[in-house]
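Fit chain B to the known structure of chain A by using the hints.
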Amino acid sequence: EADIYQTPRYLVIGTGKKITLECSQTMGHDKMYWYQQDPGMELHLIHYSYGVNSTEKGDLSSESTVSRIRTEHFPLTLESARPSHTSQYLCASSARAGGYNEQFFGPGTRLTVL
Amino acid sequence: DQQVKQNSPSLSVQEGRISILNCDYTNSMFDYFLWYKKYPAEGPTFLISISSIKDKNEDGRFTVFLNKSAKHLSLHIVPSQPGDSAVYFCAASRSGGSNYKLTFGKGTLLTVNP
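Just so you know, the sequences run in chain order A and B. My numbering numbers the first residue of the first sequence as 1 and each following residue consecutively. My numbering numbers the first residue of the second sequence as 1 and each following residue consecutively.
Here chain A stands alone, though its shape is the one from the complex:
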């Protein structure tokens, strides 16, 4: 079973607040990812990281930022939350592999911005 953790699981917050969604994995994976998913829609990659001090934006534009100071930790920050940020945020990780890429997901954070 994959050991990847996300906190909080649910967050309801007012507009304009700064929030940080936490993601940690204990598998020693070098690659980590953040996805955003709305009901009935596909998962959209918003950030990824190859390793420590490496972060890139994903396919879906996002106002959030990420950091990767430690291998196991990949937090996502929203400086000023807005209702349009309401969504489910999923963190994932994968191991260094020459070929293919099985990503393991955390339980997600359901964010609601009022």
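Please note that a few of the clues may not be correct.
Cut-off 27 Å, straight-line C-alpha distance, at most; resulting in silico cross-link-like pairs (DSS-like, lysine-lysine) [claimed, not checked]: (1) A:Lys31 x B:Lys38; (2) A:Lys57 x B:Lys106; (3) B:Lys38 x A:Lys57; (4) B:Lys54 x A:Lys57; (5) B:Lys101 x A:Lys31; (6) A:Lys31 x B:Lys106; (7) A:Lys57 x B:Lys5; (8) A:Lys31 x A:Lys18; (9) A:Lys31 x B:Lys5; (10) B:Lys5 x B:Lys101.
To be clear, the hints were calculated from the coordinates, so they are not data collected in a lab.
Just chain B now, with coordinates in the frame of chain A:
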């Protein structure tokens, strides 16, 4: 432009029968395909995968078939159980270059009735 398509938003089957979930892709560079299962308020769980050098991969009750010429894959679940009720996502990636990225479909909600 959606590169991975799951055209059936939902599927309902009787317990003990076969469930067949379908997925089509448009990018011929994809060479590795994965199926994930997702319960509400949880992260996706990896189920089974297949590389393009194969046309079938089996794991217990789950079998994935790949038809490269048709750019089509399917997931068969036999026999279906009520605990299989969840959203199933098809995902695709390509080796080399951006092999870390997964492109997801919108998912199919499977309901297995007792």
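Structure-based check of each hint:
no.	hint	result
1	A:Lys31 x B:Lys38	21 Å, holds
2	A:Lys57 x B:Lys106	21 Å, holds
3	B:Lys38 x A:Lys57	25 Å, holds
4	B:Lys54 x A:Lys57	33 Å, violated
5	B:Lys101 x A:Lys31	10 Å, holds
6	A:Lys31 x B:Lys106	24 Å, holds
7	A:Lys57 x B:Lys5	23 Å, holds
8	A:Lys31 x A:Lys18	26 Å, holds
9	A:Lys31 x B:Lys5	26 Å, holds
10	B:Lys5 x B:Lys101	16 Å, holds
Comparing the model with each earlier hint shows a violation of hint 4 alone; every other hint is respected.
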